[in-house]
Amino acid sequence: MKSIGIVQPDSEPQETPMNRLATLAALALTPAALAAQTVEIETYAGPVSVPQAPEKVVVLDIAAIDSLSALGVSIDAVPQFTPPAYLADVFASAQPVGSLFEPDFEAIASLGPSLIVAGGRSQAQVEPLSQIAPTVDMTIWEDVVGQGRARLEAYGKLFAREGKAAELVGELDAAVEGAKAAAEGKGDALILLVNGGKISAYGDDSRFGWLHSTLGLPEAYPDLTAETHGEAVSFEFVAEVNPDWILVIDRGAAIGQEGEAASAVLDTPLIAGTTAGQNGQIVYLESARLYIAGGGINSMLGTIGEVTEALEGAAASN
Amino acid sequence: MKPVTLWLAAGLILAALICASVLIGAASLFSGDVDGGLLIAVSRLPRTLAALLAGAGLALAGVVVQMAVQNRLVEPGLVGTPEAAMLGLLAVTLIAPGASMMVKMSVAAAAALVGTLCFMALARHVPRRDPVLLPLVGLIYGGILGAAALWVAWTTDLVQYLGTWMSGEFSGVLAGRYELLWIVAVLAPLLYLAADRITLLGLGEDAARSLGLNYRQTLLAGLLLVAIITAAVVVTVGAIPFVGLVVPNIISRLRGDNLRRNLPLTAWLGASAVLACDILGRLIRWPYEIPAGTIFAVFGAGVFLWLLNAAPRRAHA
Numbered sequence: 001m002k003s004i005g006i007v008q009p010d011s012e013p014q015e016t017p018m019n020r021l022a023t024l025a026a027l028a029l030t031p032a033a034l035a036a037q038t039v040e041i042e043t044y045a046g047p048v049s050v051p052q053a054p055e056k057v058v059v060l061d062i063a064a065i066d067s068l069s070a071l072g073v074s075i076d077a078v079p080q081f082t083p084p085a086y087l088a089d090v091f092a093s094a095q096p097v098g099s100l101f102e103p104d105f106e107a108i109a110s111l112g113p114s115l116i117v118a119g120g121r122s123q124a125q126v127e128p129l130s131q132i133a134p135t136v137d138m139t140i141w142e143d144v145v146g147q148g149r150a151r152l153e154a155y156g157k158l159f160a161r162e163g164k165a166a167e168l169v170g171e172l173d174a175a176v177e178g179a180k181a182a183a184e185g186k187g188d189a190l191i192l193l194v195n196g197g198k199i200s201a202y203g204d205d206s207r208f209g210w211l212h213s214t215l216g217l218p219e220a221y222p223d224l225t226a227e228t229h230g231e232a233v234s235f236e237f238v239a240e241v242n243p244d245w246i247l248v249i250d251r252g253a254a255i256g257q258e259g260e261a262a263s264a265v266l267d268t269p270l271i272a273g274t275t276a277g278q279n280g281q282i283v284y285l286e287s288a289r290l291y292i293a294g295g296g297i298n299s300m301l302g303t304i305g306e307v308t309e310a311l312e313g314a315a316a317s318n
Numbered sequence: 001m002k003p004v005t006l007w008l009a010a011g012l013i014l015a016a017l018i019c020a021s022v023l024i025g026a027a028s029l030f031s032g033d034v035d036g037g038l039l040i041a042v043s044r045l046p047r048t049l050a051a052l053l054a055g056a057g058l059a060l061a062g063v064v065v066q067m068a069v070q071n072r073l074v075e076p077g078l079v080g081t082p083e084a085a086m087l088g089l090l091a092v093t094l095i096a097p098g099a100s101m102m103v104k105m106s107v108a109a110a111a112a113l114v115g116t117l118c119f120m121a122l123a124r125h126v127p128r129r130d131p132v133l134l135p136l137v138g139l140i141y142g143g144i145l146g147a148a149a150l151w152v153a154w155t156t157d158l159v160q161y162l163g164t165w166m167s168g169e170f171s172g173v174l175a176g177r178y179e180l181l182w183i184v185a186v187l188a189p190l191l192y193l194a195a196d197r198i199t200l201l202g203l204g205e206d207a208a209r210s211l212g213l214n215y216r217q218t219l220l221a222g223l224l225l226v227a228i229i230t231a232a233v234v235v236t237v238g239a240i241p242f243v244g245l246v247v248p249n250i251i252s253r254l255r256g257d258n259l260r261r262n263l264p265l266t267a268w269l270g271a272s273a274v275l276a277c278d279i280l281g282r283l284i285r286w287p288y289e290i291p292a293g294t295i296f297a298v299f300g301a302g303v304f305l306w307l308l309n310a311a312p313r314r315a316h317a
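From first to last, the protein sequence lines stand for chains A and B. Residue numbering for the first sequence follows the numbering used here, starting at 1 and increasing by one per position. Residue numbering for the second sequence follows the numbering used here, starting at 1 and increasing by one per position.
Just so you know, these hints were derived from the structure itself, not from any lab. Misleading hints may appear alongside valid ones.
Stated by the list, open to error - Computed spacing ranges between beta-carbons, pair by pair:
1) B:I95 to A:S110: 30 to 40 angstroms
2) A:S93 to B:G302: 21 to 31 angstroms
3) B:P127 to A:G112: 55 to 65 angstroms
4) B:V114 to A:A174: 49 to 59 angstroms
5) A:D267 to B:F299: 26 to 36 angstroms
6) B:W151 to A:A107: 45 to 55 angstroms
7) A:T82 to B:R260: 45 to 55 angstroms
8) B:W151 to A:D267: 25 to 35 angstroms
9) B:W154 to A:G305: 30 to 40 angstroms
10) B:L305 to A:D223: 35 to 45 angstroms
11) B:R209 to A:P96: 54 to 64 angstroms
12) B:G302 to A:A92: 51 to 61 angstroms
13) B:A301 to A:P96: 35 to 45 angstroms
14) B:F299 to A:G170: 55 to 65 angstroms
As the structure is a computational prediction, the values presented were derived from the model and not from experiment. We put the beta carbon where it would ideally sit given N, CA and C, even for glycine.
Bound-form chain A, shown alone (with noise of 0.2 angstroms):
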């Protein structure tokens, strides 16, 4: 049993210099790369040249197939995974090669794809994966909204939908003004995941930071430090805490029961006699969508969406 500890989905991106030279190289000598038009798009090892508009495309990230679906660009394979809900139709008609965590490189390289973008949860493949074709690393990390916008452009340069990419781009821009004009005012927050009886917190410089930096959000528990995977507090903790608002990611979620298994895992005196709880602060993410499609232009609309909406229907409290 000792190694689930292993199967993290989230594990640190590594970016190695010879990660990079890989890439480069396995490009370099693609006979593809260089027939076709190349373009040189921003990706997380740095600026990369591939092949433009490229036929078949693999895609082994989930922020990548939201943002690329949003684009309107059509994808071949995808990983084997229960998706978000907005994605099912994108995954119901691309074909499953593997995991996120090891692809089916037989199923990928018999499709002969001319281009892979990786990235995320399937970063650590990406140098196997440009063996067979082309694979640009577009891991969305430290700055999700900022990158997630980049990776768009990128997308919309790649497959020449410049136009389309830079609609969303300025739909993204326009509700991050939004949320930070709703959260004038509106007092701090706590993001909470729980997760089978369990809760940990997250702060500004997390996979879910940019909650607060981003939306200008303020952290109710400014201390919080750096952790991938939050940490773990009790409900006590909450209660001291006091905040104004509290953002829920249901892990346990990813089922489909949005919401209702955290919220009774919240039902205590403890989190009731918060001011968010007493305000009805609480807000239950959708979580699927924030937690594993993070930094995908249709999750992050999604999620600024939802976020502005609670806030703005609260008044401000000081």
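Using the hints provided, position chain B relative to the given structure of chain A.
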């Protein structure tokens, strides 16, 4: 040490730990915005009791398993009970995610019971001449159940969910969410009544039978106790490894194998050790938490290694 002195010392240590546990936590009892009385009633007291009950229960379950299989290097986790409980929890999470905590707990306890009964059915066919064989079978059996749980969790994106049951901690304990653990308080006196029979179990089937013990019935009853206690702990706070292994061994090294005399002390040491680990886990990274199971594994493993190498001091065997 005289019994009076011993029990006085034990009582004092326990009282000190309980006081510390009630006073220490992420929220401030006296100066904060949180009502101190509410805090104690909803969070501190339940948490303290949960640690005591879980610790005592796991230690007692460890004694029974060690006697039942006549092997000091096993613990309840080796008969597949925690894994079976996890399977039950997974099933109820998938079928009725909105079910109340109490329903989930009950389903998991039932599954653990079924899992342990299957192990006992399996154990019937295991030759008893080599005492290592049974724990090995249990290890494989638990491994198969664990693999099944992992597979279910993997295909349904619940791997991290499963993880919360594998690391025993008390951060999620509140009034209304640990009460299943009172089962331990109900079962412990029963175990005490049956202590002499359980001691006989430890002599092996032939010796026990020749002394007039209904071997199979006693074994069944003992393992049922183990199943219920382990399931209650897994579903309420998660698996805490080592407790059932380390605590009975420490007591037995120091005081021999007279169960009726040792059971209260075993329960005390289990309870105190787990509570102490929980208090430490609350303090080390205050106001965040480190699982009590993790702390216990660190200290428990150290103590156990020392014990294995230290010379036994059996005053009364």
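Structure-based check of all given hints:
1. B:I95 to A:S110: 30 to 40 angstroms: holds, 38 angstroms
2. A:S93 to B:G302: 21 to 31 angstroms: The hinted range 21 to 31 angstroms is violated for S93 of chain A and G302 of chain B, with Cβ atoms some 56 angstroms apart.
3. B:P127 to A:G112: 55 to 65 angstroms: With a Cβ separation near 58 angstroms, P127 of chain B and G112 of chain A satisfy 55 to 65 angstroms, so the hint holds.
4. B:V114 to A:A174: 49 to 59 angstroms: holds, 56 angstroms
5. A:D267 to B:F299: 26 to 36 angstroms: With Cβ atoms ~35 angstroms apart, the hint holds.
6. B:W151 to A:A107: 45 to 55 angstroms: Check failed, 21 angstroms falls outside 45 to 55 angstroms.
7. A:T82 to B:R260: 45 to 55 angstroms: For R260 of chain B against T82 of chain A, whose Cβ atoms are near 54 angstroms apart, the range 45 to 55 angstroms holds.
8. B:W151 to A:D267: 25 to 35 angstroms: holds, 32 angstroms
9. B:W154 to A:G305: 30 to 40 angstroms: Holds, since W154 of chain B and G305 of chain A (Cβ atoms, about 32 angstroms apart) stay within the stated range.
10. B:L305 to A:D223: 35 to 45 angstroms: Because 37 angstroms falls inside the window, the suggested range holds.
11. B:R209 to A:P96: 54 to 64 angstroms: holds, 58 angstroms
12. B:G302 to A:A92: 51 to 61 angstroms: Check passed, 54 angstroms falls within 51 to 61 angstroms.
13. B:A301 to A:P96: 35 to 45 angstroms: At 43 angstroms between Cβs, range holds.
14. B:F299 to A:G170: 55 to 65 angstroms: holds, 57 angstroms
When held up to the earlier numbered hints, the structure conflicts with 2 and 6 and fits the remainder.
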